[in-house]
Amino acid sequence: METSSNWFEDPALLTAEVKRAKAVRSPGLHIRGYDNPVELARGGQGIVYRAVQRSTHRQVAVKVLLDGGLASGVAQRRFEREIDMVASLRHPNIVSVYDSGTTDDGRLYLVMEFVEGVPLDKFWPSTPPMREALSVLATVAEAVQYAHQRGVIHRDLKPSNIRVDSAGQPHILDFGLAKAASREDRDREATLSTTGQFMGSLPWASPEQAVGNPDSIDARTDVYSLGVVLHQVLTGRFPYDVTGGLKAALDNIIHAEPTRADRIRPEVGDEVSTIVAKALAKDPERRYQSAGDLARDIRRYLAGEPIEAKRDSAWYTLRKTMRRYRIVVGAASVVLIASLVALLVTLSALGEARHQRDRAEAQSARALAEAARAKAVSRFVETMLGAADPGKEGKDIRVVDVLGPASRLAEQTLRDQPHARSAVHGVLSSAYRNLQMYEEAVREARVAIDIAEREFGGKGVETSLARTALAAALTDMGRPEEGLREATQAHALAVEAEGPDSRAALEAQMAMGSALDDLQRTDEALALKRQIAERAAKVLGPEAQETLGAEGNLGRTYYVLGRLDEAISLLESVVERSGRVLGPDNIATLAPISTLVSAYNAKGHYDKSEPLLKDAWERLKRTYGPESHTALVYANNYAVLLNNTGRSAEALPIAEQALAGLTDLHGPDHVTVLRLTTLIGSIHGRLGDQAKQLEWQQRALEAADRTLGRTHQTTVYIRNNYASTLGALGRYDQAVAEFRRCAEDADRAFSADHSMPPAVRYNLCKNLILAGRESEALDILPRAAEQLLKSLGPESDWTRGAIDDLAELLDKHGRPEDAAAWRSRLKTGDTPR
Amino acid sequence: MYAQTTTHGTLLARLSGGGDSAAWREFCERYEELIRSFARRRGLSASDCDDVLQDVMLALTKAMPGFRYDPAKGKFRSYLKTVTLHAILRKSRQEPAGASLSLGDGSVSRAIEDETEDTWEAEWRQYHLRTAMKTIRAEFNAADLEAFDRYGVGGEEASAVAKDLSLSIDQVYQAKSRVLKRLSQVIAKQVEEEG
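First to last, the sequence lines map onto chains W and H. All residue numbers for the first sequence refer to our numbering, where the first residue is 1 and numbers rise by one. All residue numbers for the second sequence refer to our numbering, where the first residue is 1001 and numbers rise by one.
None of these hints come from the bench; they were simulated from the model. All of these numbers come straight from a predicted model, not from anything done at the bench. Hints may be right or wrong, so weigh each one.
Said to hold, decoys possible - In silico DSS-like pairs for lysine-lysine, Cα to Cα no more than 25 Å straight-line:
id : chain 1 : residue 1 : chain 2 : residue 2
1  : W       : LYS812    : H       : LYS1189
2  : H       : LYS1189   : W       : LYS19
3  : W       : LYS19     : H       : LYS1134
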């Protein structure tokens, strides 16, 4: 009997376990992982608490929603789907959503960043200074634009949802919540259907919301609300009377011409009044087409530049492409796929509407067709989700349960809508592809192609999109040649139908890029990525966020391929523009900085990388808090840099703090924790504390082998470090064996022109020389030196070391000419004779 | 004797028969929180945890039809752990672009504590406890449960608890030991069945 070894048979252990179970629920607010809730406010939507998140010790705001009608499975799934998208937003001017779920008593809650501040309309005691107010509102509009680009519309923008902190920075609250928390299972939007919120949000509602037509709500709805806020903040009044009865207020929103702002307050001026009036256009088509446009015009005014007229419509198309692409890449959970289907089907419906407009059909016919289509699409999505609902418990749906019925449903529900039908099959194809169910992905893509062949004669944008889906599936299932063929065809079709700057053409090019990557046709893949970046620059302008993103991507590809000079020159320019346009604290500016720092480091330009990295880290600490994941990762990177530049003593406390923080955040087995452990070891090594070094490294290596696999890049680094220590302890033959293994792994883990494989081989040669096996070293070192020269250039410490050692070895073996030829390459970088 | 309607063994047998969707639903309900909180403790975000859950369930859909139930070996538990761990690792590898380690820094490191086993075991204990508590709640009256909770777990004075609940002090002692003993029995049975 092993009675005493079972925890549940020992009353003390069992009681401790019960206590632990109890501890994860906090009193009052029954949400796991959050302590010390203090009620802050009660409102139409729910109760807001301040609490402490146990895992991070940070203060958070917890909003528990009133539970009217939200218990149903469909409503709950909608909530989760929406919140999932909102939670992916990371912007300094948007209050972050960290978590969401259901309390023990069945109410929905979200956990958000805790922001101290006052509502926008209370921030200025009297009439606000014009320029200051305009600047704050431009920042708000930029943040709204950021969310739109990620598929999230606010739907309830008003001063009480915009909090301004003591530094004058605005923070937007409750993004997407109006939709997420809408209580009806039918398609009505919350803003105007939920009684509690109805009156509170009415003055900022758009005409399309006032009409009660949820199908027509889009990004421009938020633009309108921003216009009302702008008008209100500048003049202290609403643009029309909303104080009367409900019907009168709705009437005014729909019909009343807004009073121009400069008529109420002359110093607002003609230009700003024009900006406000354009945001407040009743017809969405006549408004600013995006919050970004509104922000840019305000900024132009503030900079003394002329405000701009309407922009090219290609701009919109590309924006949608990029948005869709991002979502497809990340789609793995069923909620995401469901929203993706909804989004895409809607997009495709819009696309059809546009086609019809181009054909200049009669106005009424068009409106009717659009309404019918929107209805069919929404019915389809609902039926699809309903069909997959396992019972009525409101549990998560499994993806496989959704996709099969969806395919059949598309055939029935969308029978007379070939555009939408082929789009749905295309989406299903990529959903299957994300699940790595390639046979099914190919099957769905072929169905989409069949429809396109039959209905559109194998031409047009529909055929192109379907062939792109097939191409992506073929590439991912390991048939990149066929994938490339399909994608190339798809591209030609798209160019023919809508031109080279169209959404379909860009998607086809992205699929071509992945196929080329897999075929290891690196140069062509790069050329293509370059083309995508250039096209974005051409269509959207060099300072558009998408262009910066595409160029940042390209720069990262250069870096990953070891083409450091190109990476550096591109990224320097991206960082400069991004800092200017988006602001230095914007997270979008930090990604290219990180890659740029790595590229500088790889070239040994620590003088450039050090101040850049330190500044980025400081900004992140201020913006996201010192314990945020991103700040901790930058602390790690900064400690690495200090350690590499002989400032190990400074690096140690930074690295230790980062390790503690990341372990708290992610647990001990996370990859970043593994990296930091390695780093701290390295720091101790440099500080001369070598005790037990080898033993610990070996354990790190074993863990990496086990959890990441031998050919993971991190494992290769750790193995390299372990082998180095073996060498340092004089155990050269063991070191040689380990470095050989490491070099093989590096060949598989890194691309052929990356600097890591030759760096490992250079380490191998050093140990071969120390072991007295010089002729073996002479076989390997020239090629390694060649590759280091190519990937890192002649200035890198690695290249210099390798070439110096090689030349010395050649001298010693009676080949002084060869040695001299190599040495000369350190000066010129030319090919030796 | 026990309030649980479906035993773990029966459930596995139904699953290995394949195609029993009610069994799947029950299985998901049972293990969802275990998988989720294990993933959570290893640093994944809520939506990543959803993905992990999805991954695990997909893997099991494929594996279960041929799964051999062998109570002697404790196979299922370690199998589920392995599948979950793989799903988590796949997720954690999708690193943000910012996390880069500089090239070949040629020296030392300290060990990484591998707490995987501990974490899994802790979550597994909590899973059994939660499941058993459901049974217990159906078997005891509210006063006994509250007495157990406040005196046995919360460490309040027995006399104060007795007064609040209109029980004798002896009844409070008894409630504590009876609930604890029954809890131990229920968990023992669950563990035995689990294999």
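Do the hints match the structure? See the list:
This hinted pair does not check out: LYS812 (chain W) and LYS1189 (chain H) have alpha carbons roughly 76 Å apart, beyond 25 Å. Taking the CA atoms of LYS1189 (chain H) and LYS19 (chain W), the gap is about 21 Å. The hint holds against a cut of 25 Å. In summary, the hint linking LYS19 (chain W) to LYS1134 (chain H) is supported, as the alpha carbons are separated by about 16 Å, within the 25 Å threshold.
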